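J.: Chains as they are written, first to last, in the working numbering: chain A, 1 to 414; chain B, 1001 to 1260.
Among the hints, a few may not be true.
As the list claims (entries may be wrong) - Taking lysine to aspartate or glutamate pairs in the EDC-like style, the calculated list, with each CA pair at most 20 Å apart, reads:
#1 B/Lys-1041 to A/Glu-273
#2 A/Lys-116 to A/Glu-62
#3 B/Lys-1041 to A/Asp-383
Just so you know, these hints were derived from the structure itself, not from any lab.
These numbers were taken from a predicted model, which means no experiment stands behind them.
Spelled out, the chains give:
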Amino acid sequence: MRNIITIAVLCLFGGLKAEARTITVCPSCSFSGIKQALAAAVEGDVILIKKGEYQEGNIIVEKPVTLRGEGFPVLDGQNEAEVLTITANNVVVEGLDIRNVGASYLEDRAGIRVRKAKGFSIRNNRLNNTFFGIYLEHSASGAITGNKIFGEAVQEMSSGNAIHLWYCKDILVENNHVRGHRDGIYLEFVDNSKIRSNISEYNLRYGLHFMFSNNDDYFRNTFRRNGAGVAVMFSRQINMWENKFEYNWGQASYGLLLKEIYDAEIRDNTFRENTIGIYVEGSNRLQYRRNEFIRNGWAIKMSGGCLDNIVTANNFLNNTFDLSLNSAANNNTFDGNYWSSYNGYDLNRDGTGDVPYQPVKLFNYIVNRTPEAMVLLRSLFVDLLNFSERVSPVFTPANVADNRPLMRQLAFKR
Amino acid sequence: MFKILKYSFFDLTRSRWAYIYTAFFFLFTVSLLWLSGGMSKVVISLMNVILVLVPLIATMFGVMYYYNSREFTELLLAQPIRRTTIFFGQYLGLALSLSISLLLGVGLPFVLYGIFGSPEVWNFMMLLIVGVFLSFIFSAIAFFIALRNENHIKGFGLAILVWLFFAVIYDGLFLLALSLFSDYPLEQFAIGASMFNPIDLSRVLILLKLDISALMGFTGAVIQKFLGTALGMAVSLTVLSVWVILPAWGIRRVANHKDF
Chain A
1 MRNIITIAVL CLFGGLKAEA RTITVCPSCS FSGIKQALAA AVEGDVILIK KGEYQEGNII
61 VEKPVTLRGE GFPVLDGQNE AEVLTITANN VVVEGLDIRN VGASYLEDRA GIRVRKAKGF
121 SIRNNRLNNT FFGIYLEHSA SGAITGNKIF GEAVQEMSSG NAIHLWYCKD ILVENNHVRG
181 HRDGIYLEFV DNSKIRSNIS EYNLRYGLHF MFSNNDDYFR NTFRRNGAGV AVMFSRQINM
241 WENKFEYNWG QASYGLLLKE IYDAEIRDNT FRENTIGIYV EGSNRLQYRR NEFIRNGWAI
301 KMSGGCLDNI VTANNFLNNT FDLSLNSAAN NNTFDGNYWS SYNGYDLNRD GTGDVPYQPV
361 KLFNYIVNRT PEAMVLLRSL FVDLLNFSER VSPVFTPANV ADNRPLMRQL AFKR
Chain B
1001 MFKILKYSFF DLTRSRWAYI YTAFFFLFTV SLLWLSGGMS KVVISLMNVI LVLVPLIATM
1061 FGVMYYYNSR EFTELLLAQP IRRTTIFFGQ YLGLALSLSI SLLLGVGLPF VLYGIFGSPE
1121 VWNFMMLLIV GVFLSFIFSA IAFFIALRNE NHIKGFGLAI LVWLFFAVIY DGLFLLALSL
1181 FSDYPLEQFA IGASMFNPID LSRVLILLKL DISALMGFTG AVIQKFLGTA LGMAVSLTVL
1241 SVWVILPAWG IRRVANHKDF
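This is chain B alone, in the form it adopts within the complex:
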C-alpha cells in the first residue's frame, strides 16, 4: 500500500493543480497578513475560506483524480495486489498531497510572519488541523462517489451536490428547524446537529477557540461547556475521525465487491 501511496502522492505533487492550489493559499494568506495587522482577524478570514474551499477542492480533486487515473488503476488491478491496498493507497496519496498543499500554502506565510511568538498559535493550529481533517473527509467522500458511479457526469454531479449539501443546504435546514422549534430548549439539539456536519463542527471548534462563545449567550455557554473542555475536544476530534472512517469503509466495501 505504501508503494502505491508513494506513487499517487508523487504523481499528484507533480501535477499543475497541486501547485495552483498551494500557490492560491500562499498568496491569499500573504495578502491577508499584509492587509490586516491582527493575526486573529486573519485566522477568522482564513477560516471562512478554508471551510468553504477545502471541501470543494477536495471533492472535485477526488472525483477528477479517480476518473483520470482509471487506466492506471486497471493496470494495478491486473497485478496480484489486494484491492483495498490499491484504493486506499490512491486515496491516502490524494488526501496527503491536498493536506500538504494546504499546510504549506497557509503555514509558510504564518511561520514567516512569526506565528510561534504570538498567542494565536493554538487557534492557528486548530485551523490547520481542521483543514487537514476536511481534506481527508471530503476526498474520501469523493472517492466513494466516483467508485460507485461509472458515469463521469453523474459522479461529478453527485459530488458537487454532496458538497453543496454540507456547505449550504444543511445549515439552511438547521436554521429552519431552529426557528420552527424555537419554543423548545434547543441547545442540545444545536450541539447534536453540528456534530452531524463536519463543516459545521469544524467551524464551531474554531469559533470556540477564538472566544466567540461569549457572543453566543446561553447557547454559547452550553457549547463551551461541552466542546470547550478536553473531553469535548476529544469527542469532536473523534467525530471528525469517524467522518473520515465512514467513507473510507465505504470505499473498501465498494472496491471489494465492484466488478471492473
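Next comes chain A alone, as it looks inside the complex:
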C-alpha cells in the first residue's frame, strides 16, 4: 500500500523531477520516520526533519540527498547502533543532533559514517556521546564544518575519535569544536586536506593526530588541555601555521610531537604552558619561524638525530628550559631569536646581542643523564652551576648557540 502511495507521489512530482523536492519528516507527518522518507526520496531531494526524537537504529543513506534538521531533531542510537551511514556521493547532512551511539569493542561505530563517497558536506550538527563522532573512510572531496562533537570519554581503550579520517583526500575540516574523545581529530593516510580553525580540547590522547598523511595543512586551530597535545608522525609536507597549543600539562604531555617529519614549516604558532612545547624526534629540514613559546617546561626538546632544522625569529618567554638536545653533534641553526633569559649586551646597538646565547644549560644536561636531579630545580647550587658553565662551557655543546640573539621581544599580532 505504502509503495503505491510512494509511486503515486513520484508520478505526481514526476514533471518537476529536475527540481529538488522537499520531503518533510515529523512525528505526526505522513512521513514519520527518516528511513521511510529516504526510501521515498530520489536523487537531489531534501529531507527536512522537524524537531522531535527519532529512534530508528542505523539509517543508511544510499542516495545523493540532503538531510536537513530544523530545530535540531534528535537521532538517538540508544547506545546500540551507528546512526547515519552514508554511502552515496553528494550527500549533505546538516542541523541534526545525533546521540548515544554506545561504545563497542568489536566495531568502530560512529555518529556519522561516510564510506567510499565523494562530495559530501557535513555541517552544523551536534553530536553527543557518539563513540566515534564523524568517521570517514575511503572518501574524498568533502567538508566537515561547524560541528560540535562532545564525548564523555573516560578511558583510552573504550573511546573513539571525534573526527576520524582514514584513506581520504581533499577534505576540509573547519570550525568544528570537539571535546572529550580519545583523539580530537585523527588522520591516517589522508592527503591534500585542510584542518582549519577548529577547537580541540579535553581529549584523552591527542588533540590532533596525523599518521602517514602528506601535503596537509592545519591552520588557526586551538588545542587545549589534551592528554598529550598534537602528534604529527611519519608525514611529509605538513604546514602548521597559526595554531595555539595551550595547557597540555602532565607527566607525558607536550604541545606538539613531531616524529619522522620532513620539510615542514611551523610558523606563527603559540605554545603556552605545555610541559614540552615541541617534542621532536628524528625530523629533518624543518623551519620554525615566528612562534611564541610562553612558560613551557621545555620550549623545544629534540632527540634522536634532528638535522638541518632552522629555528629563527621566535620568542622564548619564561620557559623553564628553552632547549634540550640529547646529542653533541648539531647542525641545526638557532640564530635570531628572542630569549627572555638572555642577559648579554648590545654595544653597537644593532638590536642583536654581542655575546652568543646558549640555550642549553648545564643543569639540562645533568637532568638528561639523571632525571632524578630535577628535584634540585631552582636551587642556588644549580644556579651557580649554570652560571659557571656559561662563563666557560665544558659539558654543554658550544656550537648550540644563538649567535644573533635579539635584544627586544618580537611583537606578533595574535
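Based on the hints, put chain B in the right spot on chain A.
T.: Okay, now just chain B, sitting in the frame of chain A:
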C-alpha cells in the same frame, strides 16, 4: 617567658635592622609585582630570594642578637628566673620579629595587589608558611651556635658555614650522589635527601604547589604522590617542625649546663 619574649620582641622591632629587612622585602616584592604581570611568576622569583636570604638573615641576626644582648642576658641570669625561660624568650622574640618583618614585607604588597581574589593565593600562603618556618629554624640554629661559642669570630664563622652548607654544599653533595648512583632507582633517595635539608624541603613544597611536578617526569610523579597528598603535606610540615624543635632542644640543653 612571655615577658622576656615581649621585651626581646619590642627591642628588636625598634632596631634599625628590622626596618631595613622589612623595607627590603617590601620594595623587592613591589618592584617584582610592578615589573611582571603574572602573580605565579612573582611567587617563583620570590621563592628563590626567600629560600636563600631568609636563612642567611636569620642566621646572621640570631648570632648577632645573642652576642649583642649578652649583658642584658647576664643581668637576667642574676634574677630568679629559669634559664630555659630566658633563652627561649629571647629566641622566640627574635624569630617572631623576623617572621613579622617577612610577613609584612612580602604580604602587604600582595594584599594591596589583590592576592585574595586570585588563584595563586594558596601558593602564596605556602611561600609565607615556608618563610616563617625557615626564620624559626635558622634563628634557632644560630642561637644554638652562639650559645656554644663564646668566641664571636668562631660563632659567626660557624653560623655562616652552616648556612652555606644547607644552601649550597648540601645540594652539591646531593647532586654528586645522584649522578654517582644514577644506575639505581633514586626516587626514594631523592625524597629522603630533600627531607634532611629544610631549604630543599621548602623549595620542593613550593615547586609542587606551582605544578612543576609535571616537569620532573617520573621523579616528579613519585614526589607528587608522596608530598602532594594531605598526608605528605602533614609529613613535610612535621619534618619542618622537627627542624625547629631540634635546635631549640639544643638551646635548652646547652643553656642548662653552661657556666656563664
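J.: Would you mind marking each hint as holding or not holding in the structure?
T.: Consistency of the hints with the structure:
no.	hint	result
1	B/Lys-1041 to A/Glu-273	holds, 12 Å
2	A/Lys-116 to A/Glu-62	holds, 11 Å
3	B/Lys-1041 to A/Asp-383	holds, 17 Å
The structure shown violates none of the earlier numbered hints.
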